[in-house]
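Q: So you can see what is in the structure, the chains are spelled out below.
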Amino acid sequence: MTTTRRASLVGRILLFLLAILFVMPVAIVFMDSVKPLGAILRNPLGLPLKPSLRAYAYVIDSTGYFTAVANTLCIAVCSIVLVILFSSACAYKLSRSGGKLSWVILMLFTSSMLIPFQTIMLPLTKLTRALGIVDSIPGLILTMVPLYAPFCVFMYHGFVKTIPIELEEAATIDGSGPFGTFFRIVFPLLSPATGSIVVLNALWAWNDFSLPLVLLQSAANKTITLITFGFFSSYSMRWDYALACVSLASLPIVVFYLFMQRYIIKGVVDGAVKG
Amino acid sequence: MHNHTRQSRSRVAARRAQYAAFVFPLLGLYVLFFIVPFFMGLSYAGLRWDGISPERSFVGFANFVSILNDPDYLSTVWFTLRFAAFNVILTNVVALALALALDRPGRGTNALRVLFFLPNVISALVAGFIWTFILRSALPTLAEATGLLFLKQNWLGDPTLALGSTVMVASWQSIGYTMVIYLAGLQSIDRSVLESAAIDGATGWKKLTSVTVPLMMPSITVNLFMTVSQSFRLFDLNTSLTSGGPGKSTLSMALDIYREGFGNNNMGLASAKAIVLFILVFAVTIIQLRFTKRREVQA
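Chains as they are written, first to last, in the working numbering: chain A, 1 to 275; chain B, 1001 to 1299.
Do not take every clue at face value.
Derived contacts from chain A toward chain B, CB cut-off under 10 Å, selection only [to be verified]:
id : residue
1  : F16
2  : V26
3  : L142
4  : T162
5  : I165
6  : W206
7  : S210
Read the hints as simulated data drawn from the structure, not as lab findings. As the structure is a computational prediction, the values presented were derived from the model and not from experiment. Don't be surprised by glycine CBs; every beta carbon is placed ideally from N, CA and C.
Input sequences plus hints: build the corresponding full structure.
A: Shown next as structure tokens:
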């Protein structure tokens, strides 16, 4: 008995060591970002002697960091709201109606998982240019919604089936219209799925690189990933600046993750199960 | 009778209008920004065109012939295939092992999950930059300080090592995600099935392969699907870690499409490459899904 328990304790300790090794690269980058360049080159694993935010100040100044944060947050919030609105409504009707048409539409949404983004990337830029929505934040949001939504449609679709239809029938008898029934009865019951979708979409929107890369151009319309890319490419030898830049890009999302990890991981699992 | 038909006709119309109101906004956006570009790309693949000027000429399948005879393109395809194979195998094997280890009773399972999942929440672009620092600066410094000189390789400058580095970073990011799904799959298996298998004499490896894995097939299907499709979409990480280099030895098909279209201004060739990527992803995914779906067992 004791041998098994000791073995499993040793196993756990080994797992923790492995886990710490796993996150070490991120920790090292955060730690080294407050060190001067010389210290980074000489002793990357050592604790900072005199932590300084000088490099951060430089990066914020030369990349328009706060504009990028504002843009990225705006994109995230707007796309989340639109995705939730459209995909829940769509999944609800598809799930309740059943039938051939709904099945065909669902299959159409499945194609989003089979067609890689790069296959539509170039024509998409042509299209958005022709529509006059290129290089604009609203244009980006509008294009983002149909790219993120199919996954959410599948998540909501499975979830809707767990809601007893009697509730909607009762509401209809009481005189509620279709939209009223959906928003007041069904949508609140979808909140576990909505919670997961919010945090997952937040992650995707913050970290998206290729879509902003092809759709945004002017300096006022930069996202976090775009300024990180631009800055790091020019400063790859100035590790002090480069690491500060990378930390500025990822600290917000890591903090978000640590607060929301339960919902994020739950969202990942739910998405996989329903997918 | 007459009133009845008129009422039911307007009710059907109302139902159809409701359906449209709920479904068509998203469907419309999806068709416009996803399906339409797909077909646009199909038409571009048959053109010689720089993507901007109004002059374009129809060349039929010439673009496809030209890329399939281009040794640079073929090595891009070969790199992508090797990357996908290594990444999928490494990610899934490690993730499954970790999930099995975490499934045992023990303290701190949630903390372990949080730690292993963390690399997944950073953008792939940033992950590449982080590892550029580690592999170009931190690790060589550490190697010299500790005397472990085998760590001081040209991890990103040598073509073979660069492939390995790309696989390693991609797996580093995906392992947590994949592990979490395997863990959920493991936890959904009825304990009594595992116990009765143990009573019947199945232990260790035998239990794993004959009982646990078949019962976990749904999560294996999902994980294989996700890791395969993500591998072929390698773009962000490719940009930040190696930028396709040295030369073009670690260029992924996805990044190649971007460069061909925006760098070389060759919309026709780029679109042809985009179609080939789609066909490849489609074929591999369909084969993988049929293979694993057939093996899904009900407990």
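Q: Hint by hint, work out which the structure violates, then give me just those numbers in ascending order.
A: 4, 5
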